[in-house]
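Student: The residues making up each chain are set out below.
Protein chains: 4
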Amino acid sequence: MPVESRVRVRYKDTDQMGIAHHSNYIVWFEIGRTDLCRETGFTYRAIEERGFILVVTEIGCRYRAPYRYDDEVVIVTTVEESGSRSIRFGYELRDTTGEKLHASGFSVHFWVDRESRRPVTADAAIMAAFAPFQSQR
Amino acid sequence: MPVESRVRVRYKDTDQMGIAHHSNYIVWFEIGRTDLCRETGFTYRAIEERGFILVVTEIGCRYRAPYRYDDEVVIVTTVEESGSRSIRFGYELRDTTGEKLHASGFSVHFWVDRESRRPVTADAAIMAAFAPFQSQR
Amino acid sequence: MPVESRVRVRYKDTDQMGIAHHSNYIVWFEIGRTDLCRETGFTYRAIEERGFILVVTEIGCRYRAPYRYDDEVVIVTTVEESGSRSIRFGYELRDTTGEKLHASGFSVHFWVDRESRRPVTADAAIMAAFAPFQSQR
Amino acid sequence: MPVESRVRVRYKDTDQMGIAHHSNYIVWFEIGRTDLCRETGFTYRAIEERGFILVVTEIGCRYRAPYRYDDEVVIVTTVEESGSRSIRFGYELRDTTGEKLHASGFSVHFWVDRESRRPVTADAAIMAAFAPFQSQR
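If you're matching them up, the sequences are chains A, B, C and D in order. The first sequence begins at 1 in my numbering and counts up by one. The second sequence begins at 138 in my numbering and counts up by one. The third sequence begins at 275 in my numbering and counts up by one. The fourth sequence begins at 412 in my numbering and counts up by one.
Fair warning: there could be bad hints in the mix.
Think about it this way: if two alpha-carbon atoms lie no more than 20 Å apart in a straight line, the pair counts; the simulated DMTMM-like pairs of lysine to aspartate or glutamate are [unchecked claim]:
| hint | chain 1 | residue 1 | chain 2 | residue 2 |
| --- | --- | --- | --- | --- |
| 1 | B | LYS237 | C | GLU332 |
| 2 | D | LYS511 | A | GLU58 |
| 3 | D | LYS511 | D | GLU483 |
| 4 | A | LYS100 | D | GLU483 |
| 5 | C | LYS374 | C | ASP344 |
| 6 | C | LYS374 | B | GLU195 |
| 7 | B | LYS237 | B | GLU141 |
| 8 | B | LYS237 | B | GLU195 |
| 9 | A | LYS100 | A | GLU72 |
| 10 | A | LYS100 | A | ASP71 |
| 11 | A | LYS100 | A | GLU58 |
| 12 | C | LYS374 | C | GLU332 |
Here chain C is said to cover these stretches of chain B; the calculated rule only asks that three of the stretch's residues, wherever they fall, bring their Cβ under 8 Å from a Cβ of chain C [as the list claims (entries may be wrong)]:
| hint | region |
| --- | --- |
| 13 | 158 to 165 |
| 14 | 231 to 241 |
These are computed hints drawn from the structure, not numbers from a lab. Where is the CB? At the ideal position from N, CA and C, for every residue including glycine.
Work out the full structure, taking the sequences as your base and the hints as a guide.
Tutor: So, in structure tokens, the structure goes:
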């Protein structure tokens, strides 16, 4: 059950090559996982208010085709792995037809206590909410 | 007694016009006032640790000549007005020769209590530290 | 005839004060005028392809109430003045009820020839397209 | 022969977790390779003027320890692999003592003709200039 988000390439996102700067993809990934969280019933805001933060520990992206100004970016987000201590999201960035893959990537996060900033086990309710979004592989 | 900061235009800062995007100037202003704070003896980090934050209430910028990738931006920052409740910084963005004015602007800030988020009067030590940086006019 | 745009505050947009950083407002203004251009029938992309660019010459913003992570920002954009050589846009940033004004601002732009980078007069078709969006005042 | 760059964490770079947002690391990597290019005798600006662009095809980053506002980031950049068609840079982000590793990562780029946007072989002068910066491994 992947979650789909849409975002337009802003003028600010372009660089002098005339394409969206590659660092924006990392921000689009974040939009994707924020939207996936929203779909679980726990918005990321709610997760933080519950006392957890998701700290990024690794990120990767393969760039295949550039986006240009005003293009619509379709972000397809899945949960690739979900353990009690960490979670890995996968991302595909596509065009609006869904046929063209512009980029793919992933991010790994630890569940961390918001106050102590120490790694913790996510609570059962949160874990259960993410389960349906896990991709089969 | 203006304070001078230098920053290079990053590739990320450029847009498809081939120049530094205008929103970066607002971030460069922030670098200028951060450096001015450092010169007062109260780094902005120390100001926050002392329980104050400087909340932006107004900003303005006039753009005269663009910057290009890898250009060095010289930020000249002064205190234009300093009251007990608010402070106004002025900025000039120049080239490295100091002769060419690329942009000028200002920002107005209120002193706010970090916890209550209410407007407060800055303490005397901070006020005194900023005094020498006030421009004559 | 104002044009309304909506954008969510991204995690990336927040700063350590826990609110959206003030430089994002300048990017939101750009989204507002991009959407207004789209409504005129000339997307900003089409304007550039027609050989024109809109160069920012002045910008101003008054900040009244902060936005927080995941808040929805409603951007209300109008044409405040439209001459043959320059155009001034006005912006109001509101909450989703429309009742709370978070910020207001403006930007002034010159019409510039894309190749020569010299100020020019916008063509009649473009001028006519922007006319209905001019605010009464 | 690694190249060292230094950059301060800007207020704008922080997020509501109180640390530098992870997407900034990708921009810091870019500063690192820009500075490495400068050391080769071909600034990245000169490379582009010579008719080449370096298109990012892959990026990866492991995050170990966060940076906070006003921290100084030391970027250590090397050439990990340099072929006729592609180049891979490695990055370590450290503290000013050099002892603490905050993050490590890499980026892979293709040499592309600036006009045709097609992959090309970098010219011999450029290749020779990068050779001394290749790490031993």
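Student: Next step is simple, just say for each hint if it's right about the structure.
Tutor: These are the hints, each one checked on the structure:
Pair hint LYS237/B plus GLU332/C holds up; C-alpha atoms about 18 Å apart against a cutoff of 20 Å. Between LYS511/D and GLU58/A the alpha-carbon distance is near 18 Å, which keeps this suggested pair within the 20 Å criterion. Proximity of LYS511/D to GLU483/D is assessed by CA-CA distance (about 12 Å); at most 20 Å being required, the pair is judged to hold. A C-alpha spacing of about 40 Å is found between LYS100/A and GLU483/D, which places the hinted pair above 20 Å, so the restraint is violated.
Taken as a hint, the LYS374/C and ASP344/C pair is honoured in the structure, with Cα atoms around 17 Å apart against an allowance of 20 Å. For a cut-off of 20 Å, the pair hint linking LYS374/C to GLU195/B stands: about 18 Å separates their Cα positions. Pair hint LYS237/B plus GLU141/B holds up; C-alpha atoms about 15 Å apart against a cutoff of 20 Å. At roughly 26 Å between alpha-carbon atoms, LYS237/B and GLU195/B are farther apart than 20 Å, so this suggested pair is violated.
For the hint linking LYS100/A to GLU72/A, the alpha-carbon distance of about 12 Å falls within 20 Å, and the restraint holds. With a C-alpha separation of about 13 Å, the suggested pairing of LYS100/A with ASP71/A holds against the 20 Å cut-off. For the hint linking LYS100/A to GLU58/A, the alpha-carbon distance of about 26 Å lies beyond 20 Å, and the restraint is violated. Only pairs whose Cα atoms come within 20 Å are accepted, and LYS374/C paired with GLU332/C is rejected, the gap being roughly 26 Å.
Residues of the region 158 to 165 of chain B lying with their CB closer than 8 Å to a CB of chain C number 4, which satisfies the three-residue condition for coverage. With 0 residues bearing a CB less than 8 Å from a CB of chain C, the region 231 to 241 of chain B misses the requirement of three and the coverage assertion fails.
Checked against the numbered hints given earlier, this structure breaks hints 4, 8, 11, 12, 14; the rest are met.
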